[in-house]
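We have chain A; now place chain B onto it with these hints.
Chains as they are written, first to last, in this note's numbering: chain A, 1 to 85; chain B, 1 to 312.
Hints may contain errors.
[Said to hold, decoys possible] Below, simulated DSBU-like cross-link-like pairs (lysine-lysine); rule was C-alpha separation at most 35 Å, straight line: (1) K46(B) <-> K23(A); (2) K304(B) <-> K290(B); (3) K4(A) <-> K23(A); (4) K8(A) <-> K23(A); (5) K305(B) <-> K8(A); (6) K290(B) <-> K305(B); (7) K305(B) <-> K4(A).
Everything labelled a hint here was simulated from the structure, so no lab data went into it.
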Amino acid sequence: MSDKTEAKVHRAIAAAISSAAAKDIRPDMSLRLDLHIDSVGLMTLAFLVEQETGIDAFSRVQEFVAAESVADIVAIVRRAQGLMV
Amino acid sequence: MSDSSIIDFHSHIASAMCFPPSFTSGVVDNMTVALQAAGLPIPREKVTRMHDATLDDPWCDELISQMDEAGIREAVLLLPDFTYALRDATHSIQELVEHHRLVRDRHPGRFRVFVGVDPRWGMDGLELFDRCVREHGFDGMKLYPPCGYPISDPALYPFYEICAELGLPVLTHIGATAPCLDFDIARPIFVDRAARDFPGVDFVLAHGTVHYPDECAMLCTNRPNVYIDVSGFEAYGIHALHSAFRRGINHKILFGTDWPVFRLQGRQSGFIERLEREGAFPSEMSNRDKELFFHGNAERLLAKKRIPVSTV
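Chain B extracted, bound-state conformation:
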């Protein structure tokens, strides 16, 4: 895959503006516990400093450099809306939307943006989302159920109607996350009602080989419009990918890295090298299926986007 054909379906802008302090503080808490368990008296302040060093690329120049090195042609930048649930957010969702628009325009042809708006913002949130996809040309919706709403919450249906109209996918976080948020509400099965009610909308379950992999695979097998991305494989092991590729759902599995979450563990190119090196792909997996994984499935989903009538 050195011909720059890869699409990374799961990345974020590496900037503290995108992650409220309470969110990153929880991540540091988990790291500190691990270090203390190893008998290392590293002060929490130093752990925080190391973690914060991964959030130093607000304009995605370093990400572009690593994408080029790794053969990643395009990446989907996901903008989850933490601003309703975590009130210590330093920037409003409107400001974050604008920043993502500027980053996308700074690197033409390299980024798609999936925007999240917490449904509890009501009509203001719906109007913002509508503006993002019709005027800014954003490419999909990003949901973060741990903020306090299930994927099939009726409050999300007006958003899904817009996605159905414009052919936009919905990508949702699945499973555990920063400890300041709810874990239980982010189960994959909660997509089922929405996926049934909106057969024309593609739903992507993020980290689908990491959290609840059996449930995710079941949904991919039986719901035509449910997919998974594999982001998180960097930390949770290549063996889970190997298992997923043997479940007959290779037309549903999308490559993703979750940049910059695993930045302390290496470069984007290293993660891609590890896939082959550590045996992610079963010997019987065809080249065609590998191509679907690295870019074909993503291209198919992104190609469904329709230009809004008002801008034709």
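Chain A on its own, in the form it takes in the complex:
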């Protein structure tokens, strides 16, 4: 279950960015420093995570603003799904 969540989040991130890094997304990657996600990119990411996972991402905007890494986004989704992180 949790692997599926991670895969969906990675897919959403890959769709949100256009760099070569999209091919090799890892949990420890920094959203801003490694994947170069800017303000519009973060909104795009929240939208795509919503589409991929079905969570209400925009009710958790504070968590998205505070998220630093790929793993943080996965954790947001798991929290929203009521899963342990």
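Relative to chain A, chain B alone:
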């Protein structure tokens, strides 16, 4: 720069009370256009919600936490007065002044306050500014020309006389901003007359590596009392900083972040890390010049402040 020596010369209180709805609405408009262009049907309401999430730190506790993490010792809180030009402001300039005073006092030694008063408020505005710097001990003036006045407007001269008397710098927005305001009136060259007429006042052109960088650099080179801050580098690229550092004006360039404007793009520590990581500093730039950029220039400007005679 991990020894907490950095001074951030350009920040704001992250609260909706400081930014009228018409101002933030324009920012959201630009974001929405970008998202629509990318083919993403994100409702405007959701974009607004995401943007508003960056304005959740009215007492600057989160900012202090991020400053500590980033090695920022002090930050200048800028209070532009939008209340004359944008009548949907939710708080009066007096209320905002009081809030800034409370925030500064809540975090002793961490914040300076530069206050703006729209010159069209007349004598009431001048008296408020005078009270701010003499009684509250605020540290400078913040101007926002897109609200409808040029930097060398004669109506500002009484304010500059106070700044000259008390050794206070004037920091002015330069270039484009929220679409509900004027862009053309905020050109750097408009500082020239005031800088000539008030050689004892230091004028800082905000976002000087982002908007009109050549004109800003020319003014820094040729007017002894004109400076720039680099806020906005987070969005507009490190390469512009690299160019600026090679223009022989490193004694005029001040570090600034414009918190919370770029909060969706990362933490304060991340922005500072990016400077080295993405090659902001030319190889020939000396450590001394880096120190001037991160804190020395700011310390020099802030140290000119004189205690008002009436409070000695």
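We went through each hint and held it up to the structure:
1. K46(B) <-> K23(A): Answer holds: K46(B) to K23(A) is near 29 Å, not above 35 Å.
2. K304(B) <-> K290(B): 21 Å, holds
3. K4(A) <-> K23(A): Distance of about 17 Å is within 35 Å: holds.
4. K8(A) <-> K23(A): Holds: K8(A) and K23(A) sit about 14 Å apart, inside 35 Å.
5. K305(B) <-> K8(A): With a Cα-Cα distance of about 56 Å, the restraint between K305(B) and K8(A) is violated, given a limit of 35 Å.
6. K290(B) <-> K305(B): 24 Å, holds
7. K305(B) <-> K4(A): 60 Å, violated
Of the numbered hints stated above, those contradicted by the structure are hints 5 and 7, listed in ascending order.
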